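K.L.:
The chain contents come next:
Number of protein chains: 2
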Amino acid sequence: MSALSEVAPEVTEPSAFAHWMSATQAATEVALDAHLPAAGQLPARLHAAMRYAVLDGGKRVRPLLVHAAAALFDADAACVERAARAASAVEMIHAYSLVHDDMPCMDDDALRRGKPTVHVAYDEATALLVGDALQSHAFMLLAGMTIEPVRAVAMVTVLAQASGSAGMCGGQAIDLDSVGVALSLPQLEQMHRLKTGALLRASVLLGAWCATTPSAAELGALDAYAQAIGLAFQVIDDVLDATADSATLGKTAGKDAADNKPTYVSILGLAPSRALAEKLRSDAHQAVLPFGDKARHLRDLADLIVQRKA
Amino acid sequence: MSALSEVAPEVTEPSAFAHWMSATQAATEVALDAHLPAAGQLPARLHAAMRYAVLDGGKRVRPLLVHAAAALFDADAACVERAARAASAVEMIHAYSLVHDDMPCMDDDALRRGKPTVHVAYDEATALLVGDALQSHAFMLLAGMTIEPVRAVAMVTVLAQASGSAGMCGGQAIDLDSVGVALSLPQLEQMHRLKTGALLRASVLLGAWCATTPSAAELGALDAYAQAIGLAFQVIDDVLDATADSATLGKTAGKDAADNKPTYVSILGLAPSRALAEKLRSDAHQAVLPFGDKARHLRDLADLIVQRKA
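If you read the protein sequences in the order shown, they are chains V and Y. Take the first sequence: its position 183, counted from the start at 1, is 189 in my numbering, and no numbers get skipped. Take the second sequence: its position 197, counted from the start at 1, is 203 in my numbering, and no numbers get skipped.
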């Protein structure tokens, strides 16, 4: 744990972070509600299903990362508004991926965030369209941002790369191909770097772009932070899938083992997986050291990702 | 047919248009090949399936519209290159929609452009991801265009609006809800305006944005043209579905009647549907009159859309 000892002892009031987090989550819900098509707008059933897929659920980790990264650069009110818009966009991409992943031809999951999945609550065809339309909507939100166009273009590029075949969809494809296959640790890492890591990284970068035109050094630091938390997120996901129950998770637990999917726990074992997550947490702290106290939300989020119970 | 008589008698050498069309189709194939992820690039199976879905098929109507609209504004070589990129983006959106529409939970079609559909040639989960990744890729292409950022942002907005719940996906949702329902003509029009018309309109607008910052008057003319050909396209689709055979169409004929879906033919009858298409063709000619001879490709494409046999 030498890396941890190099980190300046950072004492954030637990209540200060908890307060920021719940305020930001509440603001995210308001922003998502405002940025989604209205419930009554035609086609009404599709829009209702889009809202069902996105609203009222989830820990909003990606929006929290967007806002925490924007806060590195003294975000003013206009910047916070831009961050809320970018956060809505990235959360819509995340939500669409969950809707599609839950479909019978993918993970065939009936429960998500404690509610019936979209194809169960509606139907499969609607679930397919909900995901497709949420993706378009995310890019429309970014392109419609009140900001210099060159920064809007940068944000569209960041989100599109993170979502596509070199990002989330690519990771998902590797995941499909790896069921029942003995992956090496580097292969498992690569899969998760794309499947989960890419969108977490995009969240951090979008937050920065909302606030500034980040320098190469800043982008490098944020990249290192994002890589560490991205991997930590997945390691803990695997730990929770192996140890928690469905009610706590709000989704079906033990799926990976049942599906014979490779996980950190199945390759490394439980205790080494937890130790790896701890190491990654300290790497994340280390990466944002140059930002000093302004990185406190990012540090707290790294802690949250590793210490979460669901 | 008073509208037609107002159109200046435009004599384009049939061979000149045929030459432009096949040259543009060939250039589109080259551009798509270059703008898709390489076949060997990881994840290789996903990328192979994306290429299978997009390459080597289709009439490339949307790319033809992009190039024809760019040609209204004296497109130079750099503009043609931008148009090829925008055309690739819009064709990827179109291809993704076909992949998802063909899936068992939607139209359950086994044949597309004379080839097995993606979920048949690969599998359903891969087909789902192919569509998702193609959509991201389309927006990445537009955002990566060498052009003033404000125009790239405009193009992302145009394509995202045309693709999402207020465009193609929305039309698809209305289509789903209308199986076995007696739609009025205005309702049928609204469905198709979203389902097919929105992306054809986006193609025309993207072409214009590749070449210039279009004026309100120019946008209005292009909008009127796009509305007419969009509707004509669907009317003729319905006529062909009712009259042509699967081998000619390269997809399963008679599906709409079998699925009890409302069509122009089922509501208006065959001859009035053909007359409507002819009227729309003349509206399209009328709309681009202000562009004079530079609109010849757009006029020829309107003729092609109405006169096509597949």
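Derived from the structure by calculation, the hints contain no laboratory data. Treat the hints loosely; a few may be bogus.
Claimed, not checked - Okay, the calculated beta carbon distance ranges per label pair:
hint	chain 1	residue 1	chain 2	residue 2	range
1	V	Ala24	Y	Leu48	36 to 44 Å
2	Y	Gly120	V	Ala116	54 to 62 Å
3	Y	Ser190	V	Asn266	24 to 32 Å
4	Y	Ala127	V	Asp229	32 to 40 Å
5	V	Ala116	Y	Leu48	50 to 58 Å
6	V	Gly298	Y	Gln193	38 to 46 Å
7	Y	Asp62	V	Pro192	55 to 63 Å
8	Y	Leu61	V	Ser184	52 to 60 Å
Unchecked claim - Not everything, but these chain V residues come out facing chain Y in the computed CB check (under 10 Å):
hint	residue
9	Leu61
10	Pro110
11	Cys175
12	Gln292
Claimed, not checked - Derived coverage of chain V by chain Y (criterion: at least 3 residues anywhere in the stretch with Cβ under 8 Å from a Cβ of chain Y; other residues may be distant):
hint	stretch
13	178-188
14	272-279
The structure presented is a predicted model; accordingly, all values stated were derived computationally and were not measured. Just so you know, even glycine gets a beta-carbon here, dropped at the ideal spot from N, CA and C.
K.L.:
Just pull the numbers of the violated hints for me, sorted ascending.
P.N.:
2, 3, 5, 6, 7, 8, 9, 12 and 14
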